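J.: These protein sequences, in sequence, are chains Z and V.
Each number in the working numbering comes from the position in the first sequence (counting from 1) with 10 added on.
Each number in the working numbering comes from the position in the second sequence (counting from 1) with 10 added on.
Copies of the same chain look alike in the list, so a pair counts if it fits in one copy or across any two.
Below are the DSS-like pairs computed for lysine-lysine, each with C-alpha atoms no more than 27 Å apart in a straight line:
1) 20 <-> 100
2) 119 <-> 20
3) 123 <-> 27
Quick caveat, the hints were computed from the structure, so don't treat them as lab data.
Nothing here was measured: the structure is a model prediction, and the numbers come from that model.
There are 2 protein chains.
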Amino acid sequence: MMDLTTALQKFSEFEHKLYAYSYAMGVMSYDSETAAPEHSAEGRGEALGMLSEQVYQLTAGAETGELLDVLQTHQSELSVQQAAQLRVWKKDYDMNCKIPAQEYIEYAKLINKAGAVWRKAKNENDFSAFAPYIEQIVKTQKKFAGYFAPDKDPYDAWLDEYEPGMTRAQLDTFFANLRSRIVPMVQRIQRSENQIDISWLHQQWPLAGQQQLAKELMELMGLNNGRCALGETEHPFTTGFSRDDVRITTHYYLEDFTFSLFSVIHEGGHALYELNTAPRLQRTCLAGGASMGIHESQSRFYENLIGRSREFCGVIWPIICKCFPEQTKDVSEETFWRTINRVEPSLIRTEADELTYCLHIMVRYELEKKLFAGEIEVDQLPEAWNSMMKEYLGITVPDDTHGVLQDTHWAMGSFGYFPSYALGSAYSAQMIANMRSDIDVDSLVAQGNLEPITNWLTEKIHQFGKEQLPAQLLQNSCGSAFDSSYYTDYLEKKYTEIYKLTDTDKS
Amino acid sequence: MMDLTTALQKFSEFEHKLYAYSYAMGVMSYDSETAAPEHSAEGRGEALGMLSEQVYQLTAGAETGELLDVLQTHQSELSVQQAAQLRVWKKDYDMNCKIPAQEYIEYAKLINKAGAVWRKAKNENDFSAFAPYIEQIVKTQKKFAGYFAPDKDPYDAWLDEYEPGMTRAQLDTFFANLRSRIVPMVQRIQRSENQIDISWLHQQWPLAGQQQLAKELMELMGLNNGRCALGETEHPFTTGFSRDDVRITTHYYLEDFTFSLFSVIHEGGHALYELNTAPRLQRTCLAGGASMGIHESQSRFYENLIGRSREFCGVIWPIICKCFPEQTKDVSEETFWRTINRVEPSLIRTEADELTYCLHIMVRYELEKKLFAGEIEVDQLPEAWNSMMKEYLGITVPDDTHGVLQDTHWAMGSFGYFPSYALGSAYSAQMIANMRSDIDVDSLVAQGNLEPITNWLTEKIHQFGKEQLPAQLLQNSCGSAFDSSYYTDYLEKKYTEIYKLTDTDKS
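So here's chain Z without its partners, still in its complex pose (with noise of 0.2 Å):
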């Protein structure tokens, strides 16, 4: 048997080669979204083929195989760091080994053409003609959780892919005690006297305006670095090659500056994680965030709980009256921060405010969890659908093509996903409670100094990257396990300020 020595240099090799194709794949999927050609697709999908060929001959080969056994039996003798990039890359090996190759490939067939019966279905509001892609799906998941997690409940075992260590017994208690305090509290705002005019926002915003107004956001955020580009696509995003070339995206509406300015301070919270990774994790499995709701926590830290609070206003105002001198003449500081954090239930999840967000994720969590578990028929999705918008909204979905029909995630097959969206805004809330113990948050927001913040946040989580799982970033982060009561607090605190809410509009 090869001795460790050996081992870890193959090993080291073997991660050598994969952050190269990871790069090359990364950089293309990126250009591919922002500067390529439209009808480019298709020989750029050959070169993609190719690649994802060579990665997974190497991720999955006998040779790889051996190679993760001789570190395993030297397991004791790994440091912190190579006993985490061994489980990473025995997880990834695992779930490439034990789903049989030839139903793979028919997986992977299944999922590209569920994506255009998708957008069809879609398009025209015919759930019928979906249905049965996600019936196939869903079946294909169970069985392949079957493989590579026999002991695990299958929702629990894709759960874990996105979420290592997430299981429905943790999202029922989370869950419920949004239902319980949530759902009230935006039946309350609805009841208010005191709604919010936004009416000053339907104006003209200039490009030049908006684009001036990134650049100070990207400054004030620290990523003017040399090691964050800004991107234009039809849906903003964030993707990291190295911790030295992290690329977020952002969209720009002429009617409605606050998009831009959100989508930026949102993507450059992930990125802030990807560019404070550790260096000595780079070019390693372990370079990137730890999980999905981690990597969402940083997003929604920034996006909200920075972004929206009234401190921050008084450091952004003057800047957005500096790029539309003319749009903002007559506009104050207090009715801006009062128009980005109202509260409207809406159809879709992706226009949804920072309340009302983690109710379209519970009625899918819901959804996803009967679904695996045989409670419902996927022909009554859009009745459930439709009838947990009712009751956690209060909103009455008119088709589904504004309902059931309106995300991609089933048509990818990224079951067990959603949750760490709503995950991302809890832990967060549960972080800077704990961070306000160590650091004074609203004086230095107030000042526009979000530097310690970020140096804090990546103490507790960025440097880490995925060498520590998520529970353990949230014991460093929250000095705790996870808690929600601390987002719900947080939430029924700052929205009951915004609206004024007294205790007769609990009636």
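With the hints as your guide, set chain V onto chain Z.
T.: Here is chain V on its own, set in the frame of chain Z:
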């Protein structure tokens, strides 16, 4: 030994892999010039290094050597296309294998260092700092030529790398013609009383107008096909990853819109070549241009023969007026035409006008040839440069920064590359002469109908990619072997008209 069917199958897989690597590395390189953050070079360099290594292992591997041998033994059974593919890969393989790996690694290090030294030397006007690198590079290149082309003169061997089949003998004839006809022409123009006033150009040309102009120009050239995208870089260039994914770039100078205008036409000419390669050559080594000179003939064709023609001004000037209504209101089409054809001998090659450009190349060719023949010492280069600039262009070179140190090519080891710039112009003049016997070029250009022109070039040149050698492509498109008198005839006729030269100017 492997049978032909198996060999061809393996060969196809081999090319498919290289297509993917080349696509990935091409996009990474394009992205690095257009979108990547400033400090991302190191991490990307590591990834590119690993991918290059994969490419080297494939193209220079023993398995590939055997494969090429098998195909070689079946030469008579190969199709024209297969034989051409074999020719290209065999040349690449020989180049990779005949140079000892250790010597090649040393050379790569030398070139890497030379780039930084050259940049510093240029900035500090310190030729002596860069001189030892020229010495060492030429010495190494002569040695390498002995490995991969032992029967050839070393400079001819390197010429052949950029322009297959080209020799000093042909270039000597070409440049002798330029010397005898263009040098006196430039002198006559300088003595002429009909100088061109370009003071109207000294205005601000807003970005939005320049972007609109670039867009309309691309439409005019048929580049609005969803297969070609325009980017913005410091120096314009063209790169193609597949016939459905070609990128051109430009640079907008607010003080001179003609720079972007002509860079888009020039790069657009390159792009049309890449876009119109026959689909059957895709994903093979034959996709893309046949040689540097042939590629340059396409860009110069559009830039000068079309773009600076009197007829094209009738089409583009109204568009320019639409993009810049204020700036152009007192300017005539005639003035624009004369402005873009103004001759003014100057120090810097990349800023030279159509007429004097080839004389800059002649200076470089003469020096490269003498260096390789040992007829000049490296430390004599600045003096020789300055004296030729005086002789050919009547220009006094103030310092080496604006003289012998201006170009990056020698630091990159690209000896033998410069002549292709002048060859491209000369080829294009010969091509248009032949094209005129098939279609009425001037009327088509005057109508803004460039499609039949591009179709003609596609039929004679573009479609063949690298399948045919430059000599064959010249035969197709010029109806005869290379003859530079078409070029000098064209220049004489054009500039006699523009500068209204009479016989008395000759004295």
